[in-house]
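> The whole structure should be built from the sequences, with the hints applied where relevant.
Just so you know, our numbering puts 28 at position 28 of the sequence shown, and the rest follows in order with no gaps.
The set of hints was computed from the structure by calculation and includes no laboratory data.
Treat each hint with caution, since some may be false.
Stated by the list, open to error - Here are the simulated DSBU-like pairs of lysine-lysine, each with C-alpha atoms no more than 35 angstroms apart in a straight line:
hint, residue 1, residue 2
1, K149, K77
2, K77, K111
3, K160, K106
4, K111, K166
5, K77, K106
6, K111, K215
7, K160, K149
Stated by the list, open to error - Computed Cβ-Cβ distance ranges for the label pairs, DEER-style:
hint, residue 1, residue 2, range
8, A58, R281, 23 to 31 angstroms
9, D168, L54, 29 to 37 angstroms
10, A84, Q55, 23 to 31 angstroms
11, Q81, M103, 15 to 23 angstroms
Since we're looking at a predicted model, the values are computed, not measured.
All C-beta atoms in this analysis are idealised placements derived from N, C-alpha and C, irrespective of residue type, glycine included.
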Amino acid sequence: MPTVSPPPRPAKTLEADHIVLLQQTSTQRKTTTTMASQNGQQRPHQVVGHKSLLQSDALYQYILDTSVLPREPECMKELRQITANDPMNIMSISVDEGQFLNMLLKLTRAKKTMEIGVYTGYSLLATALALPDDGKARIPILAMDINRKCYEVGLPTIQKAGVAHKIDFREGPALPVLDQLLQDETNHGSFDFVFVDADKENYVNYHRRLLDLVKVGGLIAYDNTLWSGAVAAPPDAPLPGYLRHYLDFVLLLNQELAADPRIEICQLPVGDGVTLCRRIR
1 MPTVSPPPRP AKTLEADHIV LLQQTSTQRK TTTTMASQNG QQRPHQVVGH
51 KSLLQSDALY QYILDTSVLP REPECMKELR QITANDPMNI MSISVDEGQF
101 LNMLLKLTRA KKTMEIGVYT GYSLLATALA LPDDGKARIP ILAMDINRKC
151 YEVGLPTIQK AGVAHKIDFR EGPALPVLDQ LLQDETNHGS FDFVFVDADK
201 ENYVNYHRRL LDLVKVGGLI AYDNTLWSGA VAAPPDAPLP GYLRHYLDFV
251 LLLNQELAAD PRIEICQLPV GDGVTLCRRI R
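Set out below in structure tokens:
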């Protein structure tokens, strides 16, 4: 199956690029927070994976305090706190997005899912907790990430939660795995739900493969599709390096999804933007 440019890069190259860009972003965010504090402005709330698009930190904190944090399972709270100590914790989904995914999977009664981009496994844990444990030999979650070390940070918590047996984790780029799955006709239309939170330059490549793997009526959820609001920023807007680097790839995905007649879409301002795609044919 053809891929859009640029071609997939080796896992180690991807990992190195992401680390450099994330370190730049982390430094820029710390500087902004410090300046705001010195100027007497309200400090942003310090919840791991904070990617809310709401203009009011107070309103977002209200949502967390009222509806999200009191209902967060202890195992997810533990993993979120562990992730907070990782310098790359910006890669984690937001806590309210974790709640949303968990609810969505229960509503759709998904039994077989895929996750591309795992990090420490907060979204993966939300998924595993939602899926039924029917005792069958089939492992319900196929999870892929280029960095197993990050997954192993959260693995003890996932094991303690009693859901590690639901996960088939594979280290390395996802595209070769998807291509291999597509070679077997029995995999076509076999997945109920897919969550993608990985290398943005391959989002379109993922989409073109995943549509054959998810069933008609099944869902694909793409994370970061509003990209901190940068998708609506003027071309000359001063953006942090990380946002600028991947912006064109996010815009390309959004354009492709909007024009794809095989899906129904709903773009939600949850976390950093989540686009749900329901396959209709």
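> State for each hint whether it applies.
Going down the list of hints, with the structure as the test:
1. Between K149 and K77 the alpha-carbon distance is near 20 angstroms, which keeps this suggested pair within the 35 angstroms criterion.
2. Restraint check for K77 and K111: satisfied, since their Cα atoms lie roughly 24 angstroms apart, inside the 35 angstroms limit.
3. Taken as a hint, the K160 and K106 pair is honoured in the structure, with Cα atoms around 22 angstroms apart against an allowance of 35 angstroms.
4. In summary, the hint linking K111 to K166 is supported, as the alpha carbons are separated by about 10 angstroms, within the 35 angstroms threshold.
5. Only pairs whose Cα atoms come within 35 angstroms are accepted, and K77 paired with K106 is accepted, the gap being roughly 20 angstroms.
6. Distance hint between K111 and K215 is fulfilled; the C-alpha atoms sit about 12 angstroms from each other, no more than 35 angstroms.
7. Straight-line distance between C-alpha atoms of K160 and K149 comes to about 18 angstroms, which keeps the hinted pair within the 35 angstroms bound.
8. For A58 paired with R281, a C-beta distance near 44 angstroms fails the hint of 23 to 31 angstroms.
9. Range check, D168 to L54: about 36 angstroms between beta-carbon atoms, so the 29 to 37 angstroms window is met.
10. For A84 and Q55, the hinted distance range of 23 to 31 angstroms is satisfied, since their beta carbons lie about 24 angstroms from each other.
11. For Q81 paired with M103, a C-beta distance near 22 angstroms keeps the hint of 15 to 23 angstroms intact.
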